[in-house]
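**Q** Here are the chains, one letter per residue:
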Amino acid sequence: MSQDIRKWFMKQHEKGTGNGNTSKPTKPSTPEKPTAVTSQPEKLVQGVQECSGRRKTSKYFAKDGQSAKDEMDVEEVSAKKKGQRGSTEFVSDVKPPPGKKTHKLEMDDEDEDFVTPTSRKGSTTPNKKLKSGSGKGVAQKMVDEIDEGDGGKVKSNSKSVGSGRGRGAKGSSITPTTAEGMDVDESDAEDMDDKDAKSVKPGGRGRGGRGAPAGGRGRGGGGRGGFMNFGERKDPPHKGEKEVPEGAADCLDGLTFVISGTLDSLEREEAEDLIKRHGGRVTGSVSKKTNYLLCDEDIGGRKSAKAKELGQVLIFFFLFFTGFLTEDGLFDMIRASNKSKPKTSVKDSKKLVDKVAPSPPKKSPQKSEKSKQAGDVSSDTKVLASAAVSSKRKSEPSAQNLLPWTEKYRPKVPNDIVGNQSLVKQLHDWLVHWNDQFLNTGKKGKGKKQNDAGAKKAVLLSGTPGIGKTTSAKLVSQMLGFRAIEVNASDSRGKADAKIEKGIGGSTSNSIKELVSNEALSLNMERSQHPKTVLIMDEVDGMSAGDRGGVADLIASIKISKIPIICICNDRYSQKLKSLVNYCLLLSFRKPTKQQMAKRLSHIANAEGLQVNEIALEELAERVNGDIRMALNQLQYMSLSMSVIKFDDIKQRLQSSSKDEDISPFTAVDKLFGFNGGKLRMDERIDLSMSDPDLVPLLIQENYINYRPNAAGKDDNGMKRMSLLARAAESIGDGDIVNVQIRRYRQWQLSQIGSLASCIIPAALLHGQRETLEQVIDAVFMPIMFHYNVYSLGERNYNRFGGWLGKNSTMGKNYRLLEDLHVHLLASRESNLGRATLRLDYLTILLKRLTDPLRMLPKDEAVEKVVEFMDLYSISMEDFDTIMEMSKFKGHPNPLDGIQPAVKAALTRTYNKGSSSRVVRAADLITLPGLKKAPKKRVAAMLEPIDDNIAGENVENEEETPSDTEDQEDDDDLVDPEKKLQSNLESLNSKGIKVQMDLKGSGSSSARKVSSGRGKGSASTSDKKGVVGVLGLLRKERDDISIYKPQVFFLLPLHFGKNDGLCY
Amino acid sequence: MLWVDKYRPKTLDKVLVHQDIAQNLKKLVTEQDCPHLLFYGPSGSGKKTLIMALLRQLFGASADKVKVENKNWKVDAGSRTIDVELTTLSSTHHVELSPSDAGFQDRYVVQEIIKEMAKNRPIDTKGKKGFKVLVLNEVDKLSREAQHSLRRTMEKYSSSCRLILCCNSSSKVTEAIRSRCLNMRISAPTEGENFCDTKVRRQLFQPMSMYIVKVLEFIGKKEGLQLPSGFADRIAQQSNRSLRRAILSFETCRVQQYPFTTNQPIPPMDWEEYVSEIASSIFKEQSPKRLFEVRGKLYELLINCIPPEIILKRLLYELLKKLDSELKHETSHWAAYYEHRLRLGQKAIFHLEAFVAKFMSIYKGFLIETFG
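As given, the protein sequences belong to chains A and B, one line each in that order. Under this note's numbering, the first residue of the first sequence is numbered 20, with each subsequent residue one higher. Under this note's numbering, the first residue of the second sequence is numbered 648, with each subsequent residue one higher.
Bound-form chain A, shown alone (with noise of 0.2 Å):
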């Protein structure tokens, strides 16, 4: 495969330059196999491919004095190679220029990268020229140095010549993108400036690639840099546009690859996919052993710069660090490999591997094996293992392959365990010392012993399930030479009963207690029949309602037990054993890592006969969550039917497995609307869509507005898309009516067909490109947990958190609000009528007797008048505030509107005042117990601070204090903040700041607080909590700031908000 990268490499070269200098290695990329070159070309092949088999083995064992060996075998090779290359321009790498490290110094950081190796390639004349230059010069000068960084690999490995090797390679991979003019010195700085820009700090990258495009747009933005950084990766530019090639499957097999940043057309996952599936190996991080940094922009990030870094200093090491990559030039890789199939069989290929790489020394033999294996034997070694695999084989169809794997390979003795092997040493060390500490030991040297930190009479083993725990338990006794009595939830571990205690042992506890309190004597008398016995209590933590003081009753038991106690659970945080975690000997299992598991389960495999390479056990391992039984059945399963296993087949076969609780709603929606999202399978997308019943239908009802369909194809006139839109929408529609038959109705068996209607349907019709619908009325809607919706920068192309819990969440406080002013009405006995009908036909004229009076007349009569009115139909000064809020369109003016703030505080202060004096219409509403007659006003206030308490007398006062809910503020105070609010915002929005205000909705105290903080501007908004509004408006949005008073609400679960005020 290396070889298939060296194709490419040439391939590079030729379309970039006609530079006659590397004539050499241009051909390998004429189309002629890589057989049919001259002997020159293929030997250089075989350098590299003698390179990535040392790598592949030295990836192993690169720790120790084994990678001195490594470096001698290729110092030796590398001399052979050189001895029979002749006089090319390698030579010139052979020997640098003494040029080069002045250069090197010269240059800044960044042009010290192109420039090294362009150094080093002394007598290319052409390129020296260049160097200095930038842009598209750099870009040819790249293509040039492909070839010399790339032979530079070859050798440079052995001679440490070549802190510029990797330079040089970086220069290869960034090729591609030079070649669109991109300026690579300056990509981090300048790309911005370039509309298609798609950098991303790398190390911004957060969950399911949602989330702040900030990275672009921040530094794009100037001083906004940092808000969104919390955010995520960005959406590959050009996403599912490409052709994702299929290679050889092991084609990039040894290799291992970082990927960073945002790839072109692949999101992270699939591109870790596509590595894997070709054998590569993916990782996190940087480090020594990468071959690769997959990234199509630059990057700047953490990882790029540990490569460059690495890339100098790793040379020492004998690295592996080829160079960055680009996604173009990974699918390049790949075809490549597929190309070439054909001609040079996979095993010849292997071979060549095989060959360059003579058996590299052995530490660990198993992995070395391994390697060999997968490099599928020419050596003599392999050539006996296969066989003796295959003859394994053949001969394993008798009685052992009756039984499965996980009994078959259970471990026999503590060292097969799977990791945690610590803890089986420490477990086995406690149980050798159990005996002489608390039993064989004098009564004068107990106490001492026992204030032994170490010493403790029982353990306690923790971990997740499958992990070995109850394995290791009885393993380690077992090999003691304990007899194991294993109580686990299956047995009734109550506490004792008093009356069985005496008698008969009839529940299982009792026996225990017997067996711990009476093992001092059996010890002593049937030494000879049962040496030593040891409990173990399996899942402590599942001791619960049936086990009544089993806890309790286990630490007595363990306080008088004369033998080893070994407790196991699962959680072992647990609120039930907390105290028994004083008692015991705490360890905690960890899953073993996926290597570790690998590793054995490699065993097996071999044992088996089968063939697995070392990645897809791995992502086996992975994809089974640690769980070692599940990945030998699932593995014994699969060698019915195939000798051999790929990693596609074990991701095949485990995809729905594991990795589900990864889907968050959102990733879900993304998932179902993507590009592919028709290429789902059906369970998939149900299960998309059950990943959280209740969410994901609004979401996809929130955002199937934004999808331009692929399914519309070609539609000039969006005639398709409307009539897609229109379907869709009924299928929400539908999905609704489930959704009542399934709630209302319990018909749960519903719920399949439900999330098909309201997701599914959606989805598959519409999924295709999200867009964004310039939107400037309407901006509610303000996820704010994982979204923010910038309108001054425009909308973010993601999708929206539903609207639908906060709007529904809105309408109940105001129709609570409804029914108090509708009950306030009925109270005043002037009118009967509805809460619809108030709503609809009432509400005007209330509002226009309220307001009007305050616009027209003078200020002392027009309060006089409202009052009257008010007083006239009992509506209180919280009514009057619903009315006003009721009455609010947004795009219409404000019913406050023209009303000066001293006649509403005027209006407020009569009220109040009057409030004493008035009779009460609405006291009639309480009804006390031995009262047959309505108390007044008095009586009302003193019942208000017990409202609660007697609310079974049904009782509803008028001048209730404002509900929780309900938040209200003086308009006359408000309108202060706000112009305060406003110019704030302006001044904000000059400078480029966005600014995260928390406001608290937390009830009307703190509202008031707000508006009356009028001094403190935004600073009083700041101290409200709960809702996150963000400042950045587009300047004709502004005007409407004064209109809005901030409004808050809750939705469930969480606290989210919108602030009207501000999000307009």
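FYI, nobody ran anything at the bench for these hints, they're computed from the structure. Glycine included, C-beta positions come from ideal geometry on N, C-alpha and C. Check the hints yourself; a few may be wrong.
[To be verified] Far from chain A by the CB rule (all over 12 Å, computed), these chain B residues:
no. : residue
1   : Q670
2   : L675
3   : T677
4   : K766
5   : N767
6   : L829
7   : N830
8   : K861
9   : K868
10  : E870
11  : Q873
12  : G877
13  : Q884
14  : F907
15  : K968
16  : S972
[Stated by the list, open to error] Heads up, incomplete: computed chain B residues facing chain A, CB under 8 Å, no partners named:
no. : residue
17  : D652
18  : S690
19  : N784
20  : R891
21  : Q903
22  : M916
23  : Y921
24  : I950
25  : C952
26  : I957
27  : R988
28  : Q993
29  : A1004
30  : K1011
31  : G1012
[Claimed, not checked] Label-pair ranges, simulated between beta-carbon atoms:
no. : chain 1 : residue 1 : chain 2 : residue 2 : range
32  : B       : P875      : A       : L876      : 22 to 28 Å
33  : A       : L876      : B       : T739      : 39 to 45 Å
34  : A       : E426      : B       : R791      : 55 to 61 Å
35  : B       : E732      : A       : R762      : 17 to 23 Å
36  : B       : P875      : A       : M875      : 17 to 23 Å
37  : B       : D711      : A       : A924      : 35 to 41 Å
38  : B       : E732      : A       : I579      : 54 to 60 Å
39  : B       : E732      : A       : M875      : 37 to 43 Å
40  : B       : L991      : A       : A924      : 46 to 52 Å
Starting from the known structure of chain A, fit chain B onto it as the hints suggest.
**A** Leaving out everything else, chain B in the frame of chain A:
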């Protein structure tokens, strides 16, 4: 006091509109026992007024002395107890409530609360009648289950209790309930004689009801207002044949500007104005973006407590105003379709949006077909 309340007829004799029905009702309750009654008709036609007048006829002035109670009921429903909060308006002789306020728990309201109320004989036995009256509002909004539970109650406790049901549409009241009641259709009053285009219609309506215009003129006279000619007509025209609406907007005009001028604008209801804006924005453009904007506006209406059915109805009305006649039928069909689904469902916005999307799709197709 608002004119609507001020000039609301207090007794059956004083009823201006639907005098014939009022007289019949009077005869009904004076001469014999009162059956269960079902009043249905569009809003603003006078159902509530008639009911109140009827109660007054039955129980005298004591029917006026109502108190409002906001009660929490604990209903024992099998394994769990359900809290139902309900506002009731009660006098010694009657209780008025809107069971549909309890949402999907209305079944428990009917099964437990109403039954409880119906069981108890009125405390005050010296009253003329040996029964109490339960007035149930918005019966058409009751769920099917609730209506089923209601019919048993109606039969079982008929000796001690009469039900007066009030709703807009009798079609949403089950057959079983309708057959147990004396159905009173209260039709919307006609705007005025000028609106009766044919003589036949004029004759048809004249004896049965008075015109809205007449009522407005009556109020104007009582208030001592100068009504310019045609002004009352315009109000009546805008009122959509709802007397209440007419009187309210009459008063709104009065508050806004007096003396009246002939072409004084009659302020529309805030929400109706908003709906008509939505309609025109739909006509202007049919695109996903516009759909999204419309969604925002619909949310706005819903938040302001406008019932979704009303929104849909009004929206259809506004759309039909400007629509080509070919599309009217189809649009109405879909409106009905989505209105039905709206009731089946729970999240109103989904269905409203679906209707808008459907309409946009149809209309866009139509435009493209017609104008290319």
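**Q** For each hint, tell me whether it holds in the structure or not.
**A** Outcome of the hint check:
Taking the minimum C-beta to C-beta distance to chain A, about 22 Å, the non-interface status of Q670/B holds against the 12 Å cut. The Cβ of L675/B sits about 21 Å from the closest Cβ of chain A, beyond the 12 Å cut-off, so the non-interface label holds. Once the 12 Å rule is applied to beta carbons, T677/B is consistent with being away from chain A; the minimum gap is 23 Å. Against chain A, the non-interface label of K766/B holds: every CB pair exceeds 12 Å, the least being about 19 Å.
For N767/B, the condition that its CB be more than 12 Å from all CB atoms of chain A holds, with the nearest at approximately 16 Å. Even its closest Cβ contact with chain A, about 22 Å, leaves L829/B beyond 12 Å, as expected for a residue assigned away from the interface. With a least beta-carbon separation of about 20 Å from chain A, N830/B lies farther than 12 Å from that chain, consistent with its non-interface assignment. The claim that K861/B lies off the interface holds: its Cβ sits roughly 20 Å from the closest Cβ of chain A, which is beyond the 12 Å cut-off.
The non-interface label for K868/B is consistent with chain A: the shortest C-beta to C-beta separation is roughly 20 Å, beyond 12 Å. For E870/B, the requirement that its beta carbon stay farther than 12 Å from each beta carbon of chain A is met, with the minimum near 15 Å. The non-interface label for Q873/B is consistent with chain A: the shortest C-beta to C-beta separation is roughly 20 Å, beyond 12 Å. Residue-level check passed: G877/B sits 22 Å from the nearest beta carbon of chain A, beyond 12 Å.
Look at Q884/B: its CB is around 17 Å from the nearest CB on chain A, clear of 12 Å, so calling it non-interface holds up. Distance to chain A confirms F907/B as a non-interface residue, since its nearest Cβ pair spans about 15 Å, more than 12 Å. At the 12 Å boundary, the C-beta of K968/B stays outside the reach of chain A, the nearest C-beta of that chain being 19 Å off. For S972/B, the non-interface assignment is confirmed: its Cβ lies about 22 Å from the closest Cβ of chain A, beyond the 12 Å cut-off.
The criterion of a C-beta within 8 Å of any C-beta in chain A is met by D652/B, whose closest approach is roughly 5 Å, and the hint holds. Given hint, S690/B at the interface with chain A, holds; its Cβ is 6 Å from that chain's nearest Cβ, closer than 8 Å. Interface hint status for N784/B: upheld, as the beta-carbon distance to the closest one in chain A is roughly 6 Å, under 8 Å. Look at R891/B: its Cβ gets to within about 6 Å of chain A, closer than 8 Å, so that hint holds up.
Hint status for Q903/B: holds, given a least beta-carbon distance of 7 Å to chain A, under 8 Å. The interface hint given for M916/B is met, as the beta carbon of that residue sits about 5 Å from the closest beta carbon of chain A, less than 8 Å. Satisfaction of the interface hint for Y921/B is found here, the shortest Cβ-Cβ separation to chain A being roughly 5 Å, below the 8 Å cut-off. For I950/B, the interface hint holds, since its Cβ comes within 8 Å of a Cβ in chain A; the closest pair sits about 5 Å apart.
A least Cβ separation of about 5 Å between C952/B and chain A falls short of the 8 Å threshold, and the interface hint therefore holds. Below 8 Å, beta-carbon pairs count as interface contacts, and I957/B has one with chain A at about 6 Å; its hint therefore holds. Taken as an interface hint, R988/B checks out: its beta carbon lies about 5 Å from the nearest beta carbon of chain A, inside 8 Å. Because the smallest distance between the Cβ of Q993/B and any Cβ of chain A comes to about 5 Å, under 8 Å, the interface hint for this residue holds.
This hint holds: A1004/B has a C-beta 4 Å from the nearest C-beta of chain A, less than the 8 Å allowed. Proximity of K1011/B to chain A holds as hinted, the smallest CB-CB distance being about 5 Å (cut-off 8 Å). Against a cut-off of 8 Å between C-beta atoms, the interface hint on G1012/B holds, since the closest Cβ of chain A lies about 6 Å away. Under the hint 22 to 28 Å, the C-beta atoms of P875/B and L876/A, about 24 Å apart, fit the expected range.
Range check, L876/A to T739/B: Cβ separation about 42 Å, and the 39 to 45 Å hint holds. E426/A and R791/B have their C-beta atoms about 59 Å apart, which keeps the hinted 55 to 61 Å range intact. For the pair E732/B and R762/A, the supplied restraint of 17 to 23 Å holds, since their beta-carbon distance comes to about 20 Å. Taking the beta carbon of each, P875/B and M875/A are about 22 Å apart, inside 17 to 23 Å as hinted.
Between D711/B and A924/A the beta carbons are some 37 Å apart, a value that agrees with the proposed interval 35 to 41 Å. Against the hinted window of 54 to 60 Å, the Cβ-Cβ separation of E732/B and I579/A comes to about 58 Å, which satisfies the hint. Separated by about 40 Å at the C-beta atoms, E732/B and M875/A satisfy the suggested range of 37 to 43 Å. Checked against the given bound of 46 to 52 Å, the beta carbons of L991/B and A924/A, roughly 49 Å apart, stay inside it.
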